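Put together the whole structure using the sequences plus the hints.
Protein chains in written order, with this note's numbering: chain A, 1220 to 1349; chain B, 21 to 335; chain C, 746 to 1043.
What the hints contain is simulated information worked out from the structure, not anything from laboratory work. Predicted model only: the values in this text are computed from it and were never measured.
Covered stretches of chain C, as calculated for chain A (at least 3 residues, CB under 8 Å):
| id | region |
| --- | --- |
| 1 | 906 to 915 |
| 2 | 919 to 932 |
| 3 | 935 to 943 |
By construction, the Cβ of each residue, glycine as well, lies at the ideal position given by its N, Cα and C atoms.
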Amino acid sequence: MIEFHLEPRSGVAPYLQIVQQVKEALRLGLLDVGDQLPTVRDVVADLAINPNTVAKAYRDLERDGLVVARPGRGTFIASTLAAPSLEHHEMLRRQLKRWLEAAEQAGLDEESIRALISTTLREALVRRVA
Amino acid sequence: MAWVTWRQHRLQFLIGIGMLVSVAVAALATGLPMHAAYHRDALSACLPPTARSGCDIIVHHFQTEFGNVLRAVRYLVFFPALVGLFVGAPLVAREFEQGTYRLAWTQTVTRRRWLLSKTVLLAVATALGAFTLSALAMWWRHPFDVLEGRMSPSSFEVEGIVVPAYAVFALCLGVFAGLVLRRSVPAMCAALVGFFGVRLAVAKLLRPHYLPARHDMATGLTPDSHSHDWVLNNSIVDAVGHQITSGREDLAILHARHARIDASEYLLSLGWHRAVTFQPGSRFWVFQGVESAVFILLAAAIVLATVRLLQRTPS
Amino acid sequence: MSPALQTRALGKRYGRGWALRDCTLTIPAGAVVGLAGPNNAGKSTLLDLAVGLLAPTEGEISVLGRDPWRDAGALGSVGYVGQDAPLYRSFTVGEAVEFARATNVRWQPTAAHEFLARLSSDRRISTLSAGERARLALGLALGKRPSLLLLDEPFARLDPLAGREFLQMLMDGVAETDATVVIASHVTADIERVCDHIVLLTGGRVRLEGNVDRLLASHRLLTGASRPLGRISGVREIVRRRHSGRQMTLLARLDRPIVDASWSVDRIGLEDLLLAYMTPEQLPTPRAHEKGPLRWHG
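Have a look at this one:
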C-alpha cells in the first residue's frame, strides 16, 4: 500500500500533494487497478493532517476517474494514467544522458545545468498553461 | 461520584480510621482500669442521697487519680474541627491550587452535583466517625457523669449527638472557606477560626437559653447541691432579688465582724440568700437535640451558600 | 448543519481589564479551527467561556446550540483539555479512565483507547512524560464522543515528537468522531498543518477570522518601488506596509487579481499572514528564491 508524505513548506496544498503522489505512483507502476488506497484514518493517523484534506484529495481523484470509493470497503484504483511505456522511459533517459554530456563539454557546471533545465521547463509549462 | 469521592479521600478516610482506633485503644487502656476502680470502690453508692461517711475522701481520691486523663478527654472537642480543616478546606481549594478543577468541572457531572455528592458522602462518613468518638467518650466518662453529671460544657460537648453535628458543621464550613479563598492553608485557618467562633458563640449565647433556666432560691446562704446541673449563676441576692456584688458582701461581713455578730446570721437578717440559676441535668438530651439541630441547620445553610457561590463565579 | 460554536459581542472583564471584548464568531461544524494569537490575547478566556468555566460579562455564547454556563447538559458533548493537561497526578492511568467513566453519562473508549491500553493502567500519572499526559487527557476527552473538542495550548510543553504523536491521535480521533476542534496555540506552526479555519485574537479582540484557503487566496504580498499610494486596482484593503529604502512591501487583501505590472505579487504563508496581522511593524520578505510553485502574477 502506498505511503504518503507531506512537505509542509513546499507551497503546494496538502491535498494536492496527495493527489500528485497517487498520480506519481500510478505513473511509476507502483499502483495498479484494483489496489486499495490507505483509509482516511490511516493517512491521518500517520501524517497528522486534517481528515478533510485527505477526503478532498480522494474526491478529486475520484472525479478524475482514477479511483473509486466503495462505501464500507475503501477507496480503490479504477484506472491508470496514460503513461509512457517503459521503453519510452529508457529512450528518454539515453537522450538526456547524451544532452548532459554535451552540456558538460560546452563547459556548463552543475549549477548552470540545473538553472538551464528549470528555466526552460518553467517556460514550457507556462506555455502549456497559457 | 461515590467512587470519585472515595478515591480522592481514601487517604483521609484511612487516617481518620487510624485516629479513631488509637483513641479507642487509649480510651480502653485508661478507661478499663478506671471503671474497675469505680466498681471496686462502689462509688455509685456515694451519690448525695445515699452518701455515707468517707465518701468525700473516696470520691476525691478517684477524681485525682483519673483527673489527668479526664482533662485529656476534653481535647476531643478538637476532633470535629480537624475534619473541617483537613477534609473540608482542601476539597475545593486543592482543585483550584492544582488546576484540576479544569478536569473535574468540564465533565457531564455538574459542578453542583459534584460538590453536593462529595459533601454529603463525606458528611455521612464524618458523622459516623464522630458518633463513634462520642460513644467512646460517653462510655469512658460514665463514672464521672454519674458523680458529677454531664450538663457542664466540658462533658456536654464531647458526648451525645452534638459531636457529629459539630463535625458535619466543621466540614461544611471548611468546604465553603475553600471555595471562597481558593487556597488550602488560608481556608484551613479561616475554617478553624470560624468553627471555634461559632461554637463559642453558641455555647455562651444560645445554649443557656434553650429552655428557660431554673432558679433556686435557697433559704440560707449555702447552695443546694447542683452537682449534676449546669450552673449558670451562683450568687447571693438581697430580699428584692438584686444580686449582691462581692464588694457589698465583703462590706456586710466586715460590718458584722465589727459589730461582733455572726456573719451569716447578719446576712440572713438582711434578707439575703443564695440564688442559683441553672439548667437541670435532666435536660441533657433536650439540650443535645436543640444544639445538634442548630449546628445541622447551620451546616445546611452553609452548603446552600456554597452551592450558590459555586454557580456564580468559579474561576 | 448548525455551527459548533457561536458568539455575539462576547466580552469578559476582570476587574478593570477586559480579557475579551466584542468577540463575534461563527465556527462551522466539522472544522478544525486554529485559535491563534500571542500570550494573553484572550484565547484561554474564550475557551473557558465555551466550556462553562466562566460566565460572560457581556454578549452571548452558544456551544452546539446551548448556553454552556447555564445549561448543565451542554458539556456532555464537549471535550476539553486545559493547559498543561490537568490530571490528578496521584491517580493511576486506570483510575483516570475510571474517573472519566464515572463523571460522564456517555463514555466509550475510542481508538485513542489503544494508546491508553498501551500505557500500563497501573502507572501513576505523575510518572508519565508530558507527551503521555497530553495524550491521556486527550483520550479521556475523546471518550465522551464529543461533537466539539476544545484544546488549550496542547503543544506548549511537548517536544516535536510528542507534539506530532499528539496531533496524530487528535486527527485520528477527529476522523473517528467527526468532532469540530478548536486548538488554541500561540505557535502557529504547530497548528498550520491541520487547520482549515483560523481565528486570530490579539488584545482580547478578533483580528482575523475565516477559512484558511480563502484567506490565503485573498491575501498577497506586493513588492515594488516606494511611491505614494493611491488606489491599486484589485486591492480591497492594505493591511500592512513596510518601507525599506527605495522598496516598499505591502500586505494586501484582494478582491480581484492584480494586473498592475509595477507590483511583484507573491503568495504568503499562513504563519506569516498571522504575524503580519499581529505585529504591524514586521512584514515578511517575499520568498523569491524558494523552489516550488511557479511565480505567477495575479
